[in-house]
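Chemist: Sequence:
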Amino acid sequence: MIRDKVIYAPEVRLFTYHVSLLKTTNLNTPDTHINLRSMIAYYVQLLADYGLLQNLLFQQLKPYSFSPLLILDTLLNGIQNSHLFLWWCQVRIELWKLILETDIVDLLGNFVFRADVEELKEVNPFFKLIDNPGKIGIQRVNLPPKYRGFFYPQYINDSYSFLLHLFHPQKLGQDGVNFCDIAELRPPESFFAGTSSRLDEPLQTHLKQAAWGTTLLLSGFIDSPPDSLEKGKPLADELLQHLLGLDSRKTAPPFLTCREFLGGFLYEYQDVNRRHSYGQILILLIFSEESKEKLNAVQWLLPELFCYERKICQNYLDSRQEYQKANQEIDTIEDTIRRFPPNIATTVPPDLSERELGTLKQDIKNLLDLSLRYSQQMRSLATFENTLAINGKNYFNTLTRMEVKSQADLTEWRHQAKEMFGIFQGQISANWVYLQQGERLLDTAINTIRGLVEIDQAERDRSLERQIQTVGVGIAAGAIVASTSPLIFEKPMTLPGQTQGGETWHPFAIAVLLSIASAVLFGWAAQGLIWFRRHRR
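For the sequence shown, UniProt numbering gives the first residue as 1, with consecutive numbering after it.
Keep in mind the hints are simulated off the structure, nothing from the lab.
No farther apart than 30 Å at their CA atoms in a straight line, the calculated lysine-lysine pairs in the DSSO-like style are these:
hint, residue 1, residue 2
1, LYS325, LYS23
2, LYS208, LYS250
3, LYS233, LYS405
4, LYS23, LYS393
5, LYS250, LYS233
6, LYS233, LYS418
7, LYS231, LYS418
8, LYS171, LYS5
9, LYS418, LYS393
10, LYS171, LYS231
11, LYS405, LYS393
12, LYS405, LYS171
13, LYS208, LYS325
14, LYS233, LYS171
15, LYS5, LYS146
16, LYS250, LYS5
17, LYS231, LYS250
18, LYS418, LYS405
Please read these numbers as outputs of a predicted model, since none were measured by experiment.
Produce the entire structure from the sequences given, and follow the hints as far as they go.
Modeler: This is how it looks when you write it as C-alpha coordinates:
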(Lines of atoms letter the chains of each structure in order from A and count residues from 1; the text may use other names and numbers.)
(Lines give C-alpha, C1' and ligand atoms only; values in the text may rest on other atoms or scores of the structure.)
Protein backbone atom coordinates (compact mmCIF):
# COMPACT_ATOMS: atom_id res chain seq x y z
CA MET A 1 0.00 0.00 0.00
CA ILE A 2 1.43 3.36 -1.09
CA ARG A 3 1.38 5.90 1.70
CA ASP A 4 0.14 9.37 0.79
CA LYS A 5 2.68 12.17 1.08
CA VAL A 6 2.33 14.43 4.13
CA ILE A 7 2.99 18.14 4.70
CA TYR A 8 3.24 19.30 8.31
CA ALA A 9 1.77 22.50 9.77
CA PRO A 10 0.68 23.85 6.36
CA GLU A 11 -0.04 27.54 6.00
CA VAL A 12 -1.64 29.50 3.20
CA ARG A 13 -1.28 33.24 2.78
CA LEU A 14 -3.58 34.94 0.28
CA PHE A 15 -2.75 38.40 -1.07
CA THR A 16 -5.14 40.40 -3.23
CA TYR A 17 -4.76 43.99 -4.46
CA HIS A 18 -6.97 46.67 -6.04
CA VAL A 19 -6.08 50.17 -7.18
CA SER A 20 -8.20 52.86 -5.51
CA LEU A 21 -8.50 55.11 -8.58
CA LEU A 22 -9.21 53.22 -11.79
CA LYS A 23 -7.84 55.25 -14.70
CA THR A 24 -8.45 54.55 -18.37
CA THR A 25 -6.59 55.50 -21.54
CA ASN A 26 -9.90 56.30 -23.20
CA LEU A 27 -10.39 60.06 -22.92
CA ASN A 28 -14.16 59.66 -23.25
CA THR A 29 -14.36 57.41 -20.18
CA PRO A 30 -14.05 59.09 -16.76
CA ASP A 31 -11.83 57.67 -14.02
CA THR A 32 -13.55 55.49 -11.42
CA HIS A 33 -12.87 55.83 -7.70
CA ILE A 34 -13.17 52.58 -5.73
CA ASN A 35 -14.21 53.67 -2.25
CA LEU A 36 -13.36 51.83 0.96
CA ARG A 37 -16.88 50.58 1.58
CA SER A 38 -16.92 48.86 -1.82
CA MET A 39 -13.67 47.11 -1.00
CA ILE A 40 -14.95 46.03 2.41
CA ALA A 41 -18.08 44.61 0.76
CA TYR A 42 -15.81 42.50 -1.43
CA TYR A 43 -13.62 41.40 1.49
CA VAL A 44 -16.69 40.41 3.51
CA GLN A 45 -17.98 38.36 0.58
CA LEU A 46 -14.55 36.74 0.20
CA LEU A 47 -14.58 35.72 3.87
CA ALA A 48 -18.13 34.42 3.49
CA ASP A 49 -17.19 32.37 0.42
CA TYR A 50 -14.30 30.90 2.39
CA GLY A 51 -16.66 29.91 5.22
CA LEU A 52 -15.03 32.33 7.69
CA LEU A 53 -17.64 35.01 8.18
CA GLN A 54 -19.81 33.13 10.66
CA ASN A 55 -16.81 32.83 12.96
CA LEU A 56 -15.73 36.41 12.63
CA LEU A 57 -18.44 37.93 14.84
CA PHE A 58 -20.75 35.38 16.34
CA GLN A 59 -18.03 33.04 17.60
CA GLN A 60 -16.32 35.96 19.29
CA LEU A 61 -19.53 37.46 20.68
CA LYS A 62 -21.02 34.17 21.83
CA PRO A 63 -19.02 34.05 25.12
CA TYR A 64 -20.22 37.53 26.02
CA SER A 65 -23.88 36.62 25.61
CA PHE A 66 -24.17 32.91 26.45
CA SER A 67 -21.12 31.92 28.49
CA PRO A 68 -22.15 30.08 31.71
CA LEU A 69 -19.03 31.38 33.43
CA LEU A 70 -19.98 34.96 32.73
CA ILE A 71 -23.53 34.31 33.92
CA LEU A 72 -22.25 32.70 37.10
CA ASP A 73 -19.73 35.49 37.61
CA THR A 74 -22.45 38.08 37.21
CA LEU A 75 -24.78 36.25 39.64
CA LEU A 76 -22.12 35.85 42.33
CA ASN A 77 -20.63 39.32 42.13
CA GLY A 78 -23.45 41.61 41.21
CA ILE A 79 -26.90 40.09 41.59
CA GLN A 80 -28.48 41.10 44.87
CA ASN A 81 -32.09 41.20 43.80
CA SER A 82 -34.33 40.22 40.91
CA HIS A 83 -34.22 43.71 39.43
CA LEU A 84 -30.50 43.37 38.69
CA PHE A 85 -31.03 39.97 37.08
CA LEU A 86 -33.75 41.41 34.86
CA TRP A 87 -31.40 44.23 33.95
CA TRP A 88 -28.72 41.67 32.97
CA CYS A 89 -31.22 39.85 30.67
CA GLN A 90 -32.27 43.14 29.11
CA VAL A 91 -28.64 43.97 28.31
CA ARG A 92 -28.28 40.61 26.49
CA ILE A 93 -31.47 41.23 24.51
CA GLU A 94 -30.32 44.68 23.48
CA LEU A 95 -26.92 43.26 22.56
CA TRP A 96 -28.37 40.70 20.14
CA LYS A 97 -30.75 43.27 18.73
CA LEU A 98 -27.73 45.46 18.00
CA ILE A 99 -25.90 42.54 16.39
CA LEU A 100 -28.82 41.74 14.09
CA GLU A 101 -29.30 45.36 13.09
CA THR A 102 -25.63 46.08 12.41
CA ASP A 103 -24.41 45.90 8.82
CA ILE A 104 -21.27 43.76 8.77
CA VAL A 105 -19.78 45.96 6.04
CA ASP A 106 -20.28 49.09 8.12
CA LEU A 107 -18.96 47.30 11.19
CA LEU A 108 -15.71 46.29 9.50
CA GLY A 109 -15.44 49.69 7.85
CA ASN A 110 -15.81 51.49 11.16
CA PHE A 111 -13.77 49.08 13.23
CA VAL A 112 -11.26 46.88 11.45
CA PHE A 113 -10.23 49.35 8.75
CA ARG A 114 -9.87 52.44 10.92
CA ALA A 115 -7.06 53.83 12.98
CA ASP A 116 -9.30 55.49 15.59
CA VAL A 117 -10.63 52.20 16.99
CA GLU A 118 -9.86 53.12 20.59
CA GLU A 119 -11.99 56.26 20.32
CA LEU A 120 -14.83 54.26 18.76
CA LYS A 121 -14.69 51.80 21.63
CA GLU A 122 -15.35 54.63 24.05
CA VAL A 123 -18.36 55.85 22.03
CA ASN A 124 -20.02 52.57 21.03
CA PRO A 125 -20.23 49.73 23.60
CA PHE A 126 -20.69 47.21 20.79
CA PHE A 127 -17.06 47.66 19.77
CA LYS A 128 -15.88 46.89 23.29
CA LEU A 129 -17.16 43.34 22.91
CA ILE A 130 -14.90 42.49 20.00
CA ASP A 131 -11.44 41.36 20.96
CA ASN A 132 -8.97 42.90 18.54
CA PRO A 133 -5.58 41.33 19.32
CA GLY A 134 -2.45 43.27 18.67
CA LYS A 135 -2.44 45.40 15.58
CA ILE A 136 -5.24 47.61 14.37
CA GLY A 137 -6.83 45.98 11.34
CA ILE A 138 -6.23 42.33 12.33
CA GLN A 139 -9.13 40.03 13.06
CA ARG A 140 -8.95 36.37 14.05
CA VAL A 141 -10.84 33.84 11.97
CA ASN A 142 -11.28 30.08 12.12
CA LEU A 143 -11.65 27.57 9.30
CA PRO A 144 -13.15 24.44 10.84
CA PRO A 145 -12.11 21.97 11.89
CA LYS A 146 -8.33 22.34 12.14
CA TYR A 147 -7.23 25.69 10.71
CA ARG A 148 -6.93 29.05 12.42
CA GLY A 149 -5.95 32.41 11.03
CA PHE A 150 -6.46 36.14 10.63
CA PHE A 151 -6.94 38.75 7.96
CA TYR A 152 -5.03 41.98 7.64
CA PRO A 153 -6.21 44.84 5.37
CA GLN A 154 -3.88 47.68 4.43
CA TYR A 155 -3.69 50.68 2.15
CA ILE A 156 -0.35 50.66 0.30
CA ASN A 157 0.35 53.85 -1.66
CA ASP A 158 -2.58 53.96 -4.09
CA SER A 159 -3.85 50.40 -3.62
CA TYR A 160 -6.00 48.36 -1.24
CA SER A 161 -4.19 45.31 0.10
CA PHE A 162 -5.76 42.31 1.82
CA LEU A 163 -3.86 39.46 3.49
CA LEU A 164 -5.72 36.37 4.66
CA HIS A 165 -3.50 33.96 6.59
CA LEU A 166 -4.72 30.47 7.53
CA PHE A 167 -2.54 27.92 9.31
CA HIS A 168 -2.62 24.52 10.96
CA PRO A 169 -1.39 24.91 14.56
CA GLN A 170 1.82 23.03 15.25
CA LYS A 171 1.18 20.05 17.49
CA LEU A 172 3.65 17.23 17.65
CA GLY A 173 2.18 14.23 15.87
CA GLN A 174 -1.11 16.02 15.12
CA ASP A 175 -0.19 18.61 12.48
CA GLY A 176 0.37 16.35 9.48
CA VAL A 177 -1.94 16.82 6.49
CA ASN A 178 -2.04 14.49 3.52
CA PHE A 179 -1.36 16.08 0.14
CA CYS A 180 -4.81 15.03 -1.02
CA ASP A 181 -6.43 16.92 1.89
CA ILE A 182 -4.62 20.19 1.25
CA ALA A 183 -7.55 21.19 -0.99
CA GLU A 184 -9.35 22.27 2.21
CA LEU A 185 -7.29 25.45 1.95
CA ARG A 186 -8.26 26.16 -1.66
CA PRO A 187 -9.43 29.79 -1.94
CA PRO A 188 -12.87 30.55 -3.42
CA GLU A 189 -13.25 31.80 -6.98
CA SER A 190 -13.98 35.30 -5.68
CA PHE A 191 -10.35 35.49 -4.51
CA PHE A 192 -8.83 34.62 -7.90
CA ALA A 193 -11.32 36.79 -9.83
CA GLY A 194 -10.77 39.89 -7.68
CA THR A 195 -14.54 40.36 -7.49
CA SER A 196 -17.66 38.40 -6.55
CA SER A 197 -20.75 37.58 -8.58
CA ARG A 198 -22.78 38.25 -5.42
CA LEU A 199 -21.95 41.95 -5.57
CA ASP A 200 -24.03 44.45 -7.48
CA GLU A 201 -23.18 45.79 -10.89
CA PRO A 202 -21.30 47.93 -11.86
CA LEU A 203 -19.19 47.24 -8.74
CA GLN A 204 -18.31 43.78 -10.04
CA THR A 205 -16.92 45.24 -13.26
CA HIS A 206 -15.07 48.05 -11.49
CA LEU A 207 -13.43 45.67 -9.01
CA LYS A 208 -12.37 43.33 -11.79
CA GLN A 209 -10.83 46.19 -13.75
CA ALA A 210 -9.16 47.63 -10.63
CA ALA A 211 -7.61 44.32 -9.52
CA TRP A 212 -3.82 44.18 -9.71
CA GLY A 213 -3.90 40.41 -9.28
CA THR A 214 -3.41 37.80 -6.58
CA THR A 215 -0.58 35.92 -4.93
CA LEU A 216 -0.98 32.67 -3.01
CA LEU A 217 1.83 31.40 -0.78
CA LEU A 218 1.57 27.83 0.52
CA SER A 219 4.22 26.75 3.03
CA GLY A 220 4.77 23.72 5.23
CA PHE A 221 7.31 21.27 6.62
CA ILE A 222 8.54 18.29 4.60
CA ASP A 223 10.04 15.47 6.66
CA SER A 224 12.39 14.21 3.92
CA PRO A 225 14.12 17.25 2.39
CA PRO A 226 15.04 16.80 -1.29
CA ASP A 227 18.71 17.01 -2.21
CA SER A 228 18.27 19.91 -4.63
CA LEU A 229 15.77 22.39 -6.00
CA GLU A 230 15.26 20.24 -9.10
CA LYS A 231 14.43 17.15 -7.04
CA GLY A 232 11.97 19.11 -4.91
CA LYS A 233 9.99 20.34 -7.90
CA PRO A 234 7.81 17.17 -8.24
CA LEU A 235 6.68 17.70 -4.63
CA ALA A 236 5.81 21.33 -5.35
CA ASP A 237 3.97 20.32 -8.54
CA GLU A 238 1.94 17.76 -6.64
CA LEU A 239 1.07 20.24 -3.87
CA LEU A 240 0.00 22.80 -6.45
CA GLN A 241 -2.29 20.33 -8.19
CA HIS A 242 -3.90 19.15 -4.93
CA LEU A 243 -4.28 22.70 -3.60
CA LEU A 244 -6.19 23.82 -6.68
CA GLY A 245 -8.12 20.54 -6.90
CA LEU A 246 -7.09 19.92 -10.52
CA ASP A 247 -7.04 16.62 -12.37
CA SER A 248 -3.91 17.73 -14.20
CA ARG A 249 -1.49 20.63 -14.19
CA LYS A 250 -2.50 21.80 -17.69
CA THR A 251 -4.87 24.42 -16.33
CA ALA A 252 -2.55 25.48 -13.49
CA PRO A 253 -0.15 28.43 -13.84
CA PRO A 254 3.06 27.35 -15.61
CA PHE A 255 6.24 26.88 -13.65
CA LEU A 256 8.38 30.03 -13.82
CA THR A 257 11.40 29.64 -11.54
CA CYS A 258 12.68 28.28 -8.23
CA ARG A 259 15.09 29.53 -5.63
CA GLU A 260 16.29 28.99 -2.08
CA PHE A 261 14.43 31.16 0.40
CA LEU A 262 15.03 31.42 4.16
CA GLY A 263 16.63 27.98 4.19
CA GLY A 264 13.77 26.34 2.27
CA PHE A 265 12.94 25.72 -1.39
CA LEU A 266 10.57 28.18 -3.08
CA TYR A 267 8.81 27.33 -6.36
CA GLU A 268 7.04 30.02 -8.35
CA TYR A 269 4.17 29.43 -10.77
CA GLN A 270 2.79 32.22 -12.94
CA ASP A 271 2.42 33.29 -16.56
CA VAL A 272 4.19 36.61 -17.06
CA ASN A 273 2.91 36.96 -20.65
CA ARG A 274 -0.77 36.90 -19.79
CA ARG A 275 -2.94 37.15 -16.70
CA HIS A 276 -3.63 33.61 -15.53
CA SER A 277 -6.94 32.82 -13.85
CA TYR A 278 -5.06 31.51 -10.76
CA GLY A 279 -2.65 34.43 -10.58
CA GLN A 280 0.73 33.84 -8.96
CA ILE A 281 1.23 30.78 -6.73
CA LEU A 282 4.29 30.17 -4.54
CA ILE A 283 5.05 26.82 -2.90
CA LEU A 284 7.59 26.99 -0.05
CA LEU A 285 8.99 23.71 1.29
CA ILE A 286 10.35 24.23 4.82
CA PHE A 287 12.82 21.90 6.48
CA SER A 288 13.59 23.56 9.84
CA GLU A 289 12.04 25.67 12.60
CA GLU A 290 14.57 28.38 11.85
CA SER A 291 13.05 28.86 8.38
CA LYS A 292 9.57 29.11 9.93
CA GLU A 293 10.76 31.77 12.38
CA LYS A 294 12.35 33.78 9.57
CA LEU A 295 9.17 33.56 7.52
CA ASN A 296 7.15 34.85 10.47
CA ALA A 297 9.65 37.70 10.85
CA VAL A 298 9.14 38.96 7.29
CA GLN A 299 5.45 38.16 6.81
CA TRP A 300 4.35 41.77 7.47
CA LEU A 301 6.57 42.88 4.58
CA LEU A 302 5.16 40.29 2.16
CA PRO A 303 1.95 42.25 1.36
CA GLU A 304 4.05 45.24 0.35
CA LEU A 305 6.52 43.15 -1.67
CA PHE A 306 3.84 41.30 -3.63
CA CYS A 307 1.88 44.53 -4.14
CA TYR A 308 4.81 46.06 -6.02
CA GLU A 309 5.31 42.86 -8.00
CA ARG A 310 1.62 42.67 -8.99
CA LYS A 311 1.76 46.30 -10.12
CA ILE A 312 4.85 45.66 -12.23
CA CYS A 313 3.44 42.54 -13.89
CA GLN A 314 0.03 44.09 -14.53
CA ASN A 315 1.50 47.31 -15.93
CA TYR A 316 3.61 45.21 -18.28
CA LEU A 317 0.53 43.30 -19.48
CA ASP A 318 -1.41 46.58 -19.84
CA SER A 319 1.47 48.03 -21.88
CA ARG A 320 1.22 45.09 -24.27
CA GLN A 321 -2.49 45.73 -24.73
CA GLU A 322 -1.85 49.41 -25.46
CA TYR A 323 0.88 48.41 -27.90
CA GLN A 324 -1.48 46.06 -29.73
CA LYS A 325 -4.12 48.81 -29.95
CA ALA A 326 -1.51 51.21 -31.33
CA ASN A 327 -0.47 48.56 -33.88
CA GLN A 328 -4.06 48.39 -35.07
CA GLU A 329 -3.99 52.15 -35.51
CA ILE A 330 -0.85 51.79 -37.66
CA ASP A 331 -2.73 49.30 -39.85
CA THR A 332 -5.47 51.93 -40.26
CA ILE A 333 -2.84 54.52 -41.30
CA GLU A 334 -1.34 52.16 -43.88
CA ASP A 335 -4.78 51.28 -45.23
CA THR A 336 -5.58 54.98 -45.60
CA ILE A 337 -2.34 55.53 -47.53
CA ARG A 338 -3.12 52.62 -49.86
CA ARG A 339 -6.46 54.26 -50.73
CA PHE A 340 -4.82 57.49 -51.93
CA PRO A 341 -6.13 58.60 -55.38
CA PRO A 342 -4.01 57.12 -58.20
CA ASN A 343 -3.51 60.46 -59.99
CA ILE A 344 -1.23 62.00 -57.39
CA ALA A 345 1.93 60.76 -59.11
CA THR A 346 4.44 63.46 -60.04
CA THR A 347 4.00 62.76 -63.75
CA VAL A 348 0.25 63.35 -63.64
CA PRO A 349 -1.38 66.74 -62.96
CA PRO A 350 -2.73 66.67 -59.40
CA ASP A 351 -6.31 67.36 -60.41
CA LEU A 352 -8.78 65.62 -58.10
CA SER A 353 -12.42 64.97 -58.67
CA GLU A 354 -14.98 66.29 -56.23
CA ARG A 355 -15.43 62.75 -54.87
CA GLU A 356 -11.68 62.25 -54.39
CA LEU A 357 -11.32 65.64 -52.74
CA GLY A 358 -14.17 64.85 -50.34
CA THR A 359 -12.59 61.48 -49.50
CA LEU A 360 -9.24 63.09 -48.70
CA LYS A 361 -10.88 65.67 -46.46
CA GLN A 362 -12.63 62.88 -44.55
CA ASP A 363 -9.31 60.99 -44.30
CA ILE A 364 -7.73 64.04 -42.68
CA LYS A 365 -10.50 64.17 -40.07
CA ASN A 366 -10.18 60.44 -39.38
CA LEU A 367 -6.40 60.60 -39.08
CA LEU A 368 -6.54 63.60 -36.76
CA ASP A 369 -8.91 61.70 -34.49
CA LEU A 370 -6.63 58.66 -34.72
CA SER A 371 -3.64 60.85 -33.95
CA LEU A 372 -5.23 61.90 -30.64
CA ARG A 373 -5.80 58.28 -29.60
CA TYR A 374 -2.34 57.27 -30.78
CA SER A 375 -0.71 60.04 -28.74
CA GLN A 376 -2.69 58.92 -25.69
CA GLN A 377 -1.49 55.34 -26.19
CA MET A 378 2.11 56.45 -26.50
CA ARG A 379 1.73 58.54 -23.34
CA SER A 380 0.29 55.49 -21.58
CA LEU A 381 3.27 53.42 -22.71
CA ALA A 382 5.62 56.01 -21.22
CA THR A 383 3.56 55.97 -18.00
CA PHE A 384 3.82 52.18 -17.79
CA GLU A 385 7.59 52.36 -18.19
CA ASN A 386 7.85 54.98 -15.46
CA THR A 387 5.55 52.96 -13.17
CA LEU A 388 7.74 49.88 -13.64
CA ALA A 389 10.82 51.86 -12.65
CA ILE A 390 9.19 53.31 -9.50
CA ASN A 391 7.67 50.04 -8.30
CA GLY A 392 10.86 48.16 -9.15
CA LYS A 393 12.79 50.48 -6.85
CA ASN A 394 10.21 50.01 -4.08
CA TYR A 395 10.32 46.25 -4.61
CA PHE A 396 14.08 46.01 -4.13
CA ASN A 397 13.95 48.34 -1.13
CA THR A 398 11.42 45.98 0.46
CA LEU A 399 13.65 43.00 -0.32
CA THR A 400 16.49 44.77 1.48
CA ARG A 401 14.29 45.28 4.55
CA MET A 402 13.35 41.59 4.42
CA GLU A 403 17.04 40.66 4.40
CA VAL A 404 17.59 42.79 7.51
CA LYS A 405 14.54 41.34 9.28
CA SER A 406 15.33 37.70 8.51
CA GLN A 407 19.12 37.94 8.49
CA ALA A 408 18.99 35.87 5.30
CA ASP A 409 20.68 36.26 1.93
CA LEU A 410 18.09 37.06 -0.75
CA THR A 411 20.60 37.73 -3.54
CA GLU A 412 19.16 35.00 -5.78
CA TRP A 413 15.63 36.39 -5.41
CA ARG A 414 16.94 39.87 -6.20
CA HIS A 415 18.84 38.61 -9.26
CA GLN A 416 15.81 36.79 -10.70
CA ALA A 417 13.55 39.79 -10.11
CA LYS A 418 16.04 42.16 -11.79
CA GLU A 419 16.23 39.86 -14.79
CA MET A 420 12.43 39.64 -15.15
CA PHE A 421 11.81 43.37 -14.60
CA GLY A 422 14.64 44.17 -17.01
CA ILE A 423 12.92 42.10 -19.71
CA PHE A 424 9.69 43.98 -19.06
CA GLN A 425 11.33 47.40 -19.31
CA GLY A 426 13.33 46.40 -22.39
CA GLN A 427 10.19 45.23 -24.17
CA ILE A 428 8.29 48.42 -23.34
CA SER A 429 11.25 50.53 -24.57
CA ALA A 430 11.38 48.55 -27.83
CA ASN A 431 7.63 48.98 -28.32
CA TRP A 432 7.99 52.70 -27.67
CA VAL A 433 10.69 53.04 -30.36
CA TYR A 434 8.54 51.14 -32.86
CA LEU A 435 5.49 53.28 -32.12
CA GLN A 436 7.59 56.41 -32.69
CA GLN A 437 8.03 55.24 -36.29
CA GLY A 438 4.25 54.85 -36.49
CA GLU A 439 3.85 58.38 -35.14
CA ARG A 440 6.11 59.70 -37.89
CA LEU A 441 4.12 57.75 -40.48
CA LEU A 442 0.92 59.22 -39.08
CA ASP A 443 2.28 62.78 -39.23
CA THR A 444 3.55 62.20 -42.78
CA ALA A 445 0.19 60.82 -43.89
CA ILE A 446 -1.69 63.78 -42.39
CA ASN A 447 0.73 66.31 -43.91
CA THR A 448 0.65 64.55 -47.29
CA ILE A 449 -3.13 64.50 -47.49
CA ARG A 450 -3.35 68.06 -46.25
CA GLY A 451 -0.79 69.09 -48.88
CA LEU A 452 -2.73 67.34 -51.64
CA VAL A 453 -5.94 69.02 -50.60
CA GLU A 454 -4.27 72.43 -50.35
CA ILE A 455 -2.59 72.08 -53.77
CA ASP A 456 -5.79 71.02 -55.41
CA GLN A 457 -7.69 73.74 -53.59
CA ALA A 458 -5.11 76.31 -54.75
CA GLU A 459 -5.51 75.14 -58.35
CA ARG A 460 -9.25 75.43 -58.01
CA ASP A 461 -8.89 78.91 -56.50
CA ARG A 462 -6.64 80.02 -59.39
CA SER A 463 -9.06 78.67 -61.94
CA LEU A 464 -11.91 80.41 -60.17
CA GLU A 465 -9.85 83.60 -60.03
CA ARG A 466 -9.22 83.48 -63.80
CA GLN A 467 -12.89 82.92 -64.41
CA ILE A 468 -13.77 85.85 -62.16
CA GLN A 469 -11.20 88.03 -63.95
CA THR A 470 -12.56 87.09 -67.34
CA VAL A 471 -16.12 87.73 -66.27
CA GLY A 472 -15.02 90.98 -64.60
CA VAL A 473 -13.32 92.21 -67.75
CA GLY A 474 -16.42 91.37 -69.77
CA ILE A 475 -18.67 93.11 -67.30
CA ALA A 476 -16.40 96.19 -67.20
CA ALA A 477 -16.26 96.34 -71.02
CA GLY A 478 -20.03 95.97 -71.19
CA ALA A 479 -20.46 98.75 -68.63
CA ILE A 480 -18.19 101.07 -70.58
CA VAL A 481 -19.98 100.38 -73.81
CA ALA A 482 -23.36 100.74 -72.12
CA SER A 483 -22.43 104.07 -70.55
CA THR A 484 -20.99 105.56 -73.77
CA SER A 485 -23.43 104.10 -76.28
CA PRO A 486 -25.57 107.28 -76.46
CA LEU A 487 -22.58 109.07 -78.07
CA ILE A 488 -22.70 106.74 -81.05
CA PHE A 489 -25.77 108.44 -82.43
CA GLU A 490 -24.75 112.05 -81.78
CA LYS A 491 -22.64 112.27 -84.97
CA PRO A 492 -21.89 110.02 -87.84
CA MET A 493 -19.19 107.47 -87.14
CA THR A 494 -15.70 108.43 -88.40
CA LEU A 495 -12.37 106.74 -88.23
CA PRO A 496 -9.53 108.40 -86.36
CA GLY A 497 -7.90 111.05 -88.54
CA GLN A 498 -11.00 111.85 -90.54
CA THR A 499 -12.21 115.44 -90.13
CA GLN A 500 -15.84 115.72 -89.14
CA GLY A 501 -17.22 119.00 -87.91
CA GLY A 502 -13.81 120.21 -86.76
CA GLU A 503 -13.13 117.12 -84.71
CA THR A 504 -10.61 114.41 -85.50
CA TRP A 505 -12.03 111.81 -83.04
CA HIS A 506 -15.56 110.63 -82.62
CA PRO A 507 -16.95 111.32 -79.10
CA PHE A 508 -17.72 107.59 -78.62
CA ALA A 509 -14.10 106.63 -79.34
CA ILE A 510 -12.84 109.32 -76.99
CA ALA A 511 -15.16 108.14 -74.17
CA VAL A 512 -14.11 104.52 -74.57
CA LEU A 513 -10.39 105.37 -74.56
CA LEU A 514 -10.74 107.62 -71.51
CA SER A 515 -12.65 104.87 -69.61
CA ILE A 516 -9.94 102.31 -70.40
CA ALA A 517 -7.16 104.72 -69.43
CA SER A 518 -8.89 105.57 -66.14
CA ALA A 519 -9.34 101.86 -65.32
CA VAL A 520 -5.65 101.16 -66.00
CA LEU A 521 -4.50 104.18 -63.99
CA PHE A 522 -6.62 103.46 -60.92
CA GLY A 523 -5.82 99.72 -61.09
CA TRP A 524 -2.11 100.54 -61.10
CA ALA A 525 -2.58 102.94 -58.16
CA ALA A 526 -4.52 100.28 -56.19
CA GLN A 527 -1.77 97.70 -56.78
CA GLY A 528 0.87 100.18 -55.65
CA LEU A 529 -1.06 101.00 -52.48
CA ILE A 530 -1.50 97.30 -51.65
CA TRP A 531 2.23 96.68 -52.23
CA PHE A 532 3.18 99.64 -50.04
CA ARG A 533 0.95 98.57 -47.12
CA ARG A 534 2.15 94.94 -47.33
CA HIS A 535 5.84 95.91 -47.23
CA ARG A 536 5.24 98.47 -44.51
CA ARG A 537 3.92 95.71 -42.20
